[in-house]
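S.K.: The lines below spell out each chain.
There are 2 protein chains.
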Amino acid sequence: MKNRITQLFNIKYPIALGGMAGVTDARLAAAVSEAGGLGTIAAATESAESLATEIRRLRDITKLPFAVNIPLMAPQAKDLIQVVMESMVPVVITAAGSPAVFTAALKQAGSRVMHVIPCVDAAKKAEGAGVDAVIAEGFESGGFASPFEIGTLALIPLVVDAVRIPVLAAGGVVDARGYAACRILGAEGISVGTAFLATVECTKIGSAWREQILSGRDVSTKILARGIAPVRMLANRWAEELEKLISAGVTKKEIMNFIFSGDPMSSEDGPFACGQGVGLIQRIRTVKEIMEDFVTGSEELLKRMATGD
Amino acid sequence: MKNRITQLFNIKYPIALGGMAGVTDARLAAAVSEAGGLGTIAAATESAESLATEIRRLRDITKLPFAVNIPLMAPQAKDLIQVVMESMVPVVITAAGSPAVFTAALKQAGSRVMHVIPCVDAAKKAEGAGVDAVIAEGFESGGFASPFEIGTLALIPLVVDAVRIPVLAAGGVVDARGYAACRILGAEGISVGTAFLATVECTKIGSAWREQILSGRDVSTKILARGIAPVRMLANRWAEELEKLISAGVTKKEIMNFIFSGDPMSSEDGPFACGQGVGLIQRIRTVKEIMEDFVTGSEELLKRMATGD
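So the sequences go chain by chain: P and A.
Per our numbering, residue 1082 is the first one in the first sequence, and the count goes up by one each step.
Per our numbering, residue 1082 is the first one in the second sequence, and the count goes up by one each step.
Isolated chain P, as found in the complex:
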């Protein structure tokens, strides 16, 4: 298929890997790009040096386009921006901060720029700042969460109506049904996190995280630290500990310390980010299998619905 997203990023399918801090490394990102999508290296927990290394590692695996995700509120954000400009990264995804600061410079350096937004106003601001596309991230999404808490089904058409640039949908999209539904809602692509965690190529999560994804159900995730530093995580013992700390009234600093000192490679429980669609994930597959399911599954589904079968 061809649309504005595939043309903008020169990719086969408008399906991006959602940047997940410490998890979406060169290997996983390269696998998504090789499968026809847009692989994303998450820079949130990288230094300038380690990000540069990841970018080189990815380019050793694939010559195809890829993205780097940079949360603009990260203390080292400026250094990371410097790296992606020097490395001529094809697509830069910015999040959690103002897109007004770096977008022009990034575009001048030759990158396409996408910004992650949780509501209509942020989408308009990003468009005003000159980004090429927005990723509209709904309430169902795993990891850092927006206080606006707008469900993906409501958010996508509202954002699509409000901007002229193309919109990618994120939050709760784990299979062909979710992908097709988001296209119907007006999204020209999707950004997928949780589904790509349960892949052969995802080596940065521990066995406990993986198992909790495979056994996860509709009620297995939770927004934690609401009003402080909201994140959607698996509702495990680590999450209970965090909630106890919060109920005990400790400082925000202690809460942040607890969140960031958790071990995602933990063999038992830890801070395991996860989206609300986790219940639809049954087994570990390859990135290619998931991508094929998205692409052929959604085409079949749309054809079947249109003919009323």
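Where hints are given, some of them may not hold.
Same chains, same names: a pair is fine if it fits in one copy or spans any two.
When the alpha-carbon atoms are kept at most 27 Å apart in a straight line, the in silico DSS-like pairs for lysine-lysine are as follows [to be verified]:
1. K1144 - K1206
2. K1083 - K1159
3. K1325 - K1303
4. K1205 - K1083
Everything labelled a hint here was simulated from the structure, so no lab data went into it.
Remember, it's a predicted structure, so these values are computed and weren't measured experimentally.
Go by the hints and put chain A onto chain P.
M.R.: What follows is chain A alone, placed relative to chain P:
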């Protein structure tokens, strides 16, 4: 179109009016039934006598099938069940309680029964209790909210995979895009509340509620009284008052009193239930116009997507 829902309820389109306490009266329900959907009288705030009157009023306007919605935790629930059985109401929608208690009796009395559910387990229990269909209500939905907070996009495919009975989708569905997306996700119909509030035939809401719907945006609703009696309402001054009360640490009884003593006909602010799709509603239309948009709009959309136009 024909599917299990249209056949089950003997209606033209699988589109139900969501029961809204004090709002979806005989007139609005009859208008939805006359337009080919399933109109719903909300019984939550009715006595046995006033419900019987509403049912007669509806039958004076239309001979078509309709539903009555009964929250099973209402103190007068048993009396309301008695009324719908004596009145041979075609469809009874139960909510907020166990479907195990009345489903068999209602079916024996000749009614079809649907139960509103917020998660997969509840859907399975309802199926086990013998209901004919479930309404899967996602996080985006207005009014009383579930603590599970599962977004509609994630909830529908999970419920569809878990039960054999047909599933109606609710929560954030206000236009043809939402309807078509829910069909893609596997729902065989939808239950729509907020969109039908903004109609000529909806006479039970005050001008302030109506105006706040028309000016509502993506961030205009909020879940209030989380952990106490969660409801999604328009985030107006009344909502601020409620939140102040809660912050002040008053008793649950006082909170409930504040909620239930609010005036929905208020000319300024009040407890105005509203779903998260409100930003897509631009003007007052007739029920028939909305129904036609759902039906023809979704067909066109699905055809266009399938042919890649």
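S.K.: Hints first: check each against the structure and report whether it holds.
M.R.: Hints, one by one, checked against the model:
no. : hint          : in the structure
1   : K1144 - K1206 : neither (33 Å within a copy, 52 Å between copies)
2   : K1083 - K1159 : neither (34 Å within a copy, 58 Å between copies)
3   : K1325 - K1303 : both (14 Å within a copy, 25 Å between copies)
4   : K1205 - K1083 : within (25 Å within a copy, 41 Å between copies)
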